[in-house]
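Chemist: Position one of the sequence shown corresponds to residue 1 (the UniProt record's numbering), numbered consecutively onward.
The hints are simulated quantities; they were obtained by calculation from the structure and are not laboratory data. Some clues are possibly wrong.
[Claimed, not checked] Across the chosen pairs, the derived CB separations fall in these ranges: (1) Ser-70 to Tyr-204: 31 to 39 Å; (2) Gln-104 to Arg-84: 24 to 32 Å; (3) Gln-117 to Thr-66: 54 to 62 Å; (4) Ala-208 to Asp-171: 18 to 26 Å; (5) Asp-211 to Ser-71: 53 to 61 Å; (6) Tyr-87 to Thr-115: 23 to 31 Å; (7) Ser-71 to Glu-121: 26 to 34 Å.
[Said to hold, decoys possible] Taking lysine-lysine pairs in the BS3-like style, the calculated list, with each CA pair at most 30 Å apart, reads: (8) Lys-81 to Lys-187; (9) Lys-107 to Lys-244; (10) Lys-107 to Lys-81; (11) Lys-81 to Lys-116; (12) Lys-116 to Lys-187; (13) Lys-187 to Lys-77; (14) Lys-77 to Lys-107; (15) Lys-119 to Lys-187; (16) Lys-244 to Lys-116.
A virtual CB, placed ideally from N, CA and C, is assigned to each residue, including glycine.
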Amino acid sequence: MNSINCSSSAGRTNSLALSGASSIVSLPSTSGRRAYGELCVERMCPMRLHTARHVMARAAGKRTATTVSSSLVAVLKDEIKYERESYRRDEFLTQGPPCNFELQDAKGTAAFLLTKQFKDEEITVRVNLDQGDESEEGEDAAELFGGGDDDEDEEEAPVDFMVTIERDGTDVLVFECESNGEYLTIKRVAMHNLLEEEGGVPPYRGPAFNDLDDTLQQAFVDFLEERGVNAVLGWYIRTYMADKTALEYQQWLARVRDFVGQ
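Using the sequences and the hints, build the whole thing.
Modeler: Structure (structure tokens):
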């Protein structure tokens with residue numbers, strides 16, 4: 001009768017079991033374990049990796065934005081320094097407006113007024129700093145007719161302004177003028193009514209000034225000069241507009257610098 005060697009059989013069984021266990025739990029090399037671990041982490045925590053990448057990208061973007069903003073602030077500071085060092089106020093302005101006009105101006109605005117009382121009339125001269133439309137039209141006309149000089153001094157360019165004359169009632173006499181300080185030119189004379197509703201049919205404004213008879217043109221010029229609207233006032237307007245433009249530009253630069261630098 002054959003006897004069974006339980007210890008030997010058990011030993012073989014245990015050996016096989018251990019051998020099987022070893023084949024199951026044995027790990028690859030160090031690099032393999034690292035790759036296997038990263039794979040497990042990516043499968044188990046994809047959001048964590050996505051968040052980390054997002055934070056890194058956002059931090060890099062923030063550094064780039066900060067660098068660009070700092071560069072802009074530095075350029076703005078240089079421009080402000082240059083403008084302040086080169087700014088000079090014309091002595092002509094210290095005397096105030098000519099012909100008994102009173103200046104009405106507020107810091108940060110794009111226009112200023114000159115007002116005066118003449119007998120029973122209230123005269124207002126309005127000047128806008130932004131005269132781009134008028135300048136562009138003039139340049140286009142010069143190119144169209146073959147005129148215009150690229151070397152022309154910008155300081156000699158005329159300034160457009162509007163003169164309104166009011167009396168008791170609703171009608172207002174309006175003059176569209178321009179001056180470079182040496183001459184005064186009337187471009188149009190129109191009548192406005194204060195009671196006319198905006199958005200309705202536009203009223204007749206009158207003909208272009210150059211289409212009027214020469215005698216009538218001169219009579220209108222004399223009419224304005226009697227009220228102090230002349231070439232001297234045109235010189236003051238052009239000088240004050242240049243001064244205000246420089247100061248408003250400095251203020252604008254400072255406001256942009258403060259905003260970007262926050």
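Chemist: All hints are to be evaluated individually against the structure, with a verdict given for each.
Modeler: Here's how the hints hold up against the structure:
1. Ser-70 to Tyr-204: 31 to 39 Å: 58 Å, violated
2. Gln-104 to Arg-84: 24 to 32 Å: 26 Å, holds
3. Gln-117 to Thr-66: 54 to 62 Å: 57 Å, holds
4. Ala-208 to Asp-171: 18 to 26 Å: Holds: the Cβ-Cβ distance is about 21 Å, inside 18 to 26 Å.
5. Asp-211 to Ser-71: 53 to 61 Å: For Asp-211 and Ser-71 the Cβ distance comes to about 55 Å; the hint holds.
6. Tyr-87 to Thr-115: 23 to 31 Å: Holds, at about 27 Å.
7. Ser-71 to Glu-121: 26 to 34 Å: 55 Å, violated
8. Lys-81 to Lys-187: Since the Cα atoms of Lys-81 and Lys-187 sit roughly 40 Å apart, the hinted pair is violated (cutoff 30 Å).
9. Lys-107 to Lys-244: Holds. Lys-107 to Lys-244 sits at ~9 Å (cutoff 30 Å).
10. Lys-107 to Lys-81: 20 Å, holds
11. Lys-81 to Lys-116: 38 Å, violated
12. Lys-116 to Lys-187: Given pair Lys-116, Lys-187 holds - Cα atoms ~22 Å apart, limit 30 Å.
13. Lys-187 to Lys-77: 42 Å, violated
14. Lys-77 to Lys-107: It holds: about 21 Å lies between the C-alpha atoms, which stays within 30 Å.
15. Lys-119 to Lys-187: 25 Å, holds
16. Lys-244 to Lys-116: Roughly 21 Å separates the two Cα atoms, so the pair holds.
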